[in-house]
Amino acid sequence: MSKGINKAVIVGTLGRDPEIRYSSNGKAVVNISVATNEAWKDRETGEAQERTEWHRIVIFGKLGEIASQYLKKGEQVYFEGRIKTSKWQDQSGNDRYTTEIVANEMQMLGRRSEQAS
Amino acid sequence: MARGVNKAIIVGTLGQDPEVRYTANGSAVANISVATNETWRDKATGEAQERTEWHRIVMFGKLAEIAQQYLKKGSQAYFEGRIQTRKWQDQSGNDRYSTEIVANEMQMLGGRAGGGGAPMESGGQSQSRPQSAAPETAPMDDGFDDIPF
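So the protein lines, in turn, are chains A and B.
If you count by this note's numbering, then the first sequence holds residues 1 to 117, one letter each, in order.
If you count by this note's numbering, then the second sequence holds residues 1001 to 1149, one letter each, in order.
Treat each hint with caution, since some may be false.
Beta-carbon label-pair distances, calculated as ranges [said to hold, decoys possible]:
| # | chain 1 | residue 1 | chain 2 | residue 2 | range |
| --- | --- | --- | --- | --- | --- |
| 1 | B | G1046 | A | G74 | 29 to 37 Å |
| 2 | A | K3 | B | D1090 | 29 to 37 Å |
| 3 | A | G46 | B | K1043 | 54 to 62 Å |
| 4 | A | Y22 | B | V1020 | 17 to 25 Å |
| 5 | B | E1105 | A | Q89 | 16 to 24 Å |
| 6 | A | G61 | B | E1105 | 28 to 36 Å |
| 7 | A | D17 | B | G1110 | 44 to 52 Å |
| 8 | B | T1052 | A | G46 | 42 to 50 Å |
| 9 | B | S1092 | A | T98 | 33 to 41 Å |
The hints are simulated quantities; they were obtained by calculation from the structure and are not laboratory data.
Just so it is clear, the structure is predicted and the values come from calculations on it, not from any experiment.
Note that the Cβ used here is the ideal one computed from N, Cα and C, for glycine as well.
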């Protein structure tokens, strides 16, 4: 029986430069903030609507280092990976949850400002 | 210029029966908890490892009604949709965030909980029961202005 499939595909624009740090065993951990946009027409009013969704993407190891080296704010990138939710405790001891996409594939697509030319 | 792609694909097993409620204008909203499993071998020790990931999946309208009718704890299903993070305030007034997958497509799969009897499987069934429910892949474009939050 299938164990399951957990896949996210994101094509979006970086909101800021990647942040890189290293875990205690020397492995790179890179955090990236990526925006995707959606546009639609409101059924009732006919008005164009738009929404930006922000995604937290994390990349480990070699791919993380490459991302950290080449990606910058404004870059448009393809990411593929799995969805992961971590549980942690805040200062008051409450359980909190953070959902991220752990990317195992990335392709740079160019900067948004360059594509118009 | 591309606006972006925001897609999640989940094949997993329901951890409990769907929870369905209705918005003020009578549209269904279904919340589903789906588990996916991952196994791998620890590089250092060679031991087999396993992890379960839980996903919150929400569906609206017709698709929500289909989910309520045909999915239950233990059902295996395919979901496709977009990732959405909502901001809300807890009792102390703190900002909190919840990430969900808003599904616009669902297919029931064989799986554990008697999937063979459900008429909405993608394989198609010969029994022709009069169906008021829409086909399992109801398009999502009727959902956005119904979002209750």
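Between S1092 (chain B) and T98 (chain A), does the beta-carbon spacing fit 33 to 41 Å? Violated, at about 19 Å.
Between the beta carbons of G1046 (chain B) and G74 (chain A), is the distance compatible with 29 to 37 Å? The hinted range 29 to 37 Å is violated for G1046 (chain B) and G74 (chain A), with Cβ atoms some 43 Å apart.
Is the gap between the beta carbons of G46 (chain A) and K1043 (chain B) within 54 to 62 Å? With a Cβ separation near 56 Å, G46 (chain A) and K1043 (chain B) satisfy 54 to 62 Å, so the hint holds.
Using the C-beta atoms of T1052 (chain B) and G46 (chain A), is the stated range 42 to 50 Å upheld? 45 Å, holds
Given the hint of 16 to 24 Å, check if E1105 (chain B) and Q89 (chain A) actually sit that far apart at their C-beta atoms. Cβ of E1105 (chain B) to Cβ of Q89 (chain A): about 36 Å, so the range 16 to 24 Å is violated.
Check the following: the C-beta atoms of K3 (chain A) and D1090 (chain B) are separated by a distance inside 29 to 37 Å. Cβ of K3 (chain A) to Cβ of D1090 (chain B): about 34 Å, so the range 29 to 37 Å holds.
In this structure, is the beta-carbon distance linking D17 (chain A) and G1110 (chain B) contained in 44 to 52 Å? Roughly 46 Å apart at Cβ, these two residues keep to the hinted range, so it holds.
Does the Cβ distance between G61 (chain A) and E1105 (chain B) fall inside 28 to 36 Å? 33 Å, holds
Using the beta carbons of Y22 (chain A) and V1020 (chain B), state whether their distance is inside 17 to 25 Å or not. 46 Å, violated
Violated hints, listed in ascending order, are 1, 4, 5 and 9; each of the other numbered hints is respected by the structure.
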